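Asks: Here's the letter readout for the chains.
Number of protein chains: 2
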Amino acid sequence: MALRTLSAKNAAALDQELMTTGAFSIDQLMELAGLSVSQAVFKLQPLSSGKRILVACGPGNNGGDGLVAARHLFHYGYQPTIYYPKQSKNDLYQRLSKQLKDLKIPFTDDFHGAIEQTDHIVDAIFGFSFSGEVREPFPSVIEALRDTKIPVLAVDAPSSWNIEDGPPASGPGKGFTPDALISLTAPKPLVKWFQGRHFLGGRFLSPAVAEKYELDLPKYEGLDQIVEIV
Amino acid sequence: MALRTLSAKNAAALDQELMTTGAFSIDQLMELAGLSVSQAVFKLQPLSSGKRILVACGPGNNGGDGLVAARHLFHYGYQPTIYYPKQSKNDLYQRLSKQLKDLKIPFTDDFHGAIEQTDHIVDAIFGFSFSGEVREPFPSVIEALRDTKIPVLAVDAPSSWNIEDGPPASGPGKGFTPDALISLTAPKPLVKWFQGRHFLGGRFLSPAVAEKYELDLPKYEGLDQIVEIV
Chain A
1 MALRTLSAKN
11 AAALDQELMT
21 TGAFSIDQLM
31 ELAGLSVSQA
41 VFKLQPLSSG
51 KRILVACGPG
61 NNGGDGLVAA
71 RHLFHYGYQP
81 TIYYPKQSKN
91 DLYQRLSKQL
101 KDLKIPFTDD
111 FHGAIEQTDH
121 IVDAIFGFSF
131 SGEVREPFPS
141 VIEALRDTKI
151 PVLAVDAPSS
161 WNIEDGPPAS
171 GPGKGFTPDA
181 LISLTAPKPL
191 VKWFQGRHFL
201 GGRFLSPAVA
211 EKYELDLPKY
221 EGLDQIVEIV
Chain B
1 MALRTLSAKN
11 AAALDQELMT
21 TGAFSIDQLM
31 ELAGLSVSQA
41 VFKLQPLSSG
51 KRILVACGPG
61 NNGGDGLVAA
71 RHLFHYGYQP
81 TIYYPKQSKN
91 DLYQRLSKQL
101 KDLKIPFTDD
111 FHGAIEQTDH
121 IVDAIFGFSF
131 SGEVREPFPS
141 VIEALRDTKI
151 PVLAVDAPSS
161 WNIEDGPPAS
171 GPGKGFTPDA
181 LISLTAPKPL
191 VKWFQGRHFL
201 GGRFLSPAVA
211 EKYELDLPKY
221 EGLDQIVEIV
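So the protein lines, in turn, are chains A and B. All the letters of the first sequence, read from the start, carry residue numbers 1 to 230 under full-length UniProt numbering. All the letters of the second sequence, read from the start, carry residue numbers 1 to 230 under full-length UniProt numbering.
Source of the hints: derived by calculation from the structure; they are not laboratory data. Computed from a prediction, not measured in an experiment: that's the story for all the values here. Treat each hint with caution, since some may be false.
Since copy identity is lost for identical chains, a pair holds within one copy or between any two.
[Claimed, not checked] Calculated cross-link-like contacts (lysine-lysine; reagent style DSBU-like; alpha-carbon spacing at most 35 Å): (1) K43 <-> K212; (2) K219 <-> K149; (3) K219 <-> K43; (4) K43 <-> K104; (5) K212 <-> K98; (6) K212 <-> K149.
Excised from the complex, chain A in its bound form (with noise of 0.2 Å):
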């Protein structure tokens, strides 16, 4: 099944029209996003297969998706640890750290000490905004990404790939490619270059703003916030 995609500028005039006229907060969407990237990581790895979740999270709101779906795998009964080097003094990023620590969920500065002690990693570095430059200090971490053999989940982009084509041809993404993609509301074209399991949440979203978008509401199971894609 090859959903429809959606265009980095359609992504954000679909989540700025989320916000006005649909009439979603900020908080509700990254909730919903964060329980979806949660139920994948779920999917993905078992709790019998190893706890250690490494969350990366980016400075915008890929990384806000990433402090939810930690908190809920601790929930769930995962041991999250979270390398969160650009802190936004953002008020909702902020709220949602100290969640977090309420949980004792522990953060890092050390992403590659990290790496070694981790049965799963959650990329959510950089989302559909991302475009350009992978600036300080994530060159190192997406190196580090590309060459572990721990489980990726990147969240909505492989970071550093561009929105529209894809992998980069130089640069530290170069080469890097998760083993499992979460598009959140509606994959985005790079999915065309994505070979490994691909999961799209977005249980919320409205047939008539589908239409609008020409997108697929594709048919999701029982109470899954999520469905694979096959």
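Mind docking chain B on chain A? Use the hints.
Replies: Using the frame of chain A, we list chain B on its own:
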């Protein structure tokens, strides 16, 4: 299993604590509460046994939980109808209502007509902050809930029950015994008098807060946001 309960006063204090030192926003908590309610409906009312769900919403947070639940129920494949006669000017409730209208979920003013055309009812009229009188137009609504043979799921409290002392000795709620109850965050003392199926939602509570308020953290399964107390 008899879980420890949370008095009305402590429920209010805990709610306040979650939104201040706990750093949760009301949007977030309501999204999680409504999601829990929707999962209880899914367990009680299989889609194959009838999809029509009448959600009766009161003017406060309990009603807001009902509005969120209705949105999730729609996405699961149910056909919700909303009875929401006292709509607050509160921005959050207005946004939650807008989200339902964008899904073309019908709002009705005629509860007594609607109850004849539904398969399941969600009582999201009054929650833990209820005390005193049942005001118009809810007395006849609660009488209808009492008299109907359609199964009713009450959110946090059977509406009109006293949070501490349970079923009222007089008034419209006398003899109202819903089939099921979902306690949010923690059971309230009224559960002592409740005989039906009992669910708990609140898979976001930190061990530290549970300890402070002397609450039990039951074992949730898998990705469930609810657990049945048996």
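Asks: For each hint, tell me whether it holds in the structure or not.
Replies: Hint by hint, here is what the structure shows:
1. In the homo-oligomer, the alpha carbons of K43 and K212 lie at most 35 Å apart both inside one protomer (31 Å) and across protomers (33 Å), since each shortest distance falls under that limit.
2. Within a single copy, K219 and K149 get their C-alpha atoms as close as 32 Å, and across copies as close as 33 Å, so both meet the 35 Å cut-off.
3. Both within a single protomer and between protomers do K219 and K43 lie at most 35 Å apart by alpha-carbon distance, with minima of 17 Å and 19 Å respectively.
4. In this assembly of identical chains, K43 and K104 lie within 35 Å of each other by CA distance both inside one copy and across copies; the values are 24 Å within and 32 Å between.
5. For a Cα distance limit of 35 Å, the shortest separation of K212 from K98 across copies, 18 Å, qualifies, whereas the shortest one inside one copy, 37 Å, does not.
6. Taking CA atoms no more than 35 Å apart as the test, K212 paired with K149 passes in neither setting, with 41 Å inside one copy and 42 Å between copies.
When each numbered hint is compared with the structure, a violation occurs for hint 6 only.
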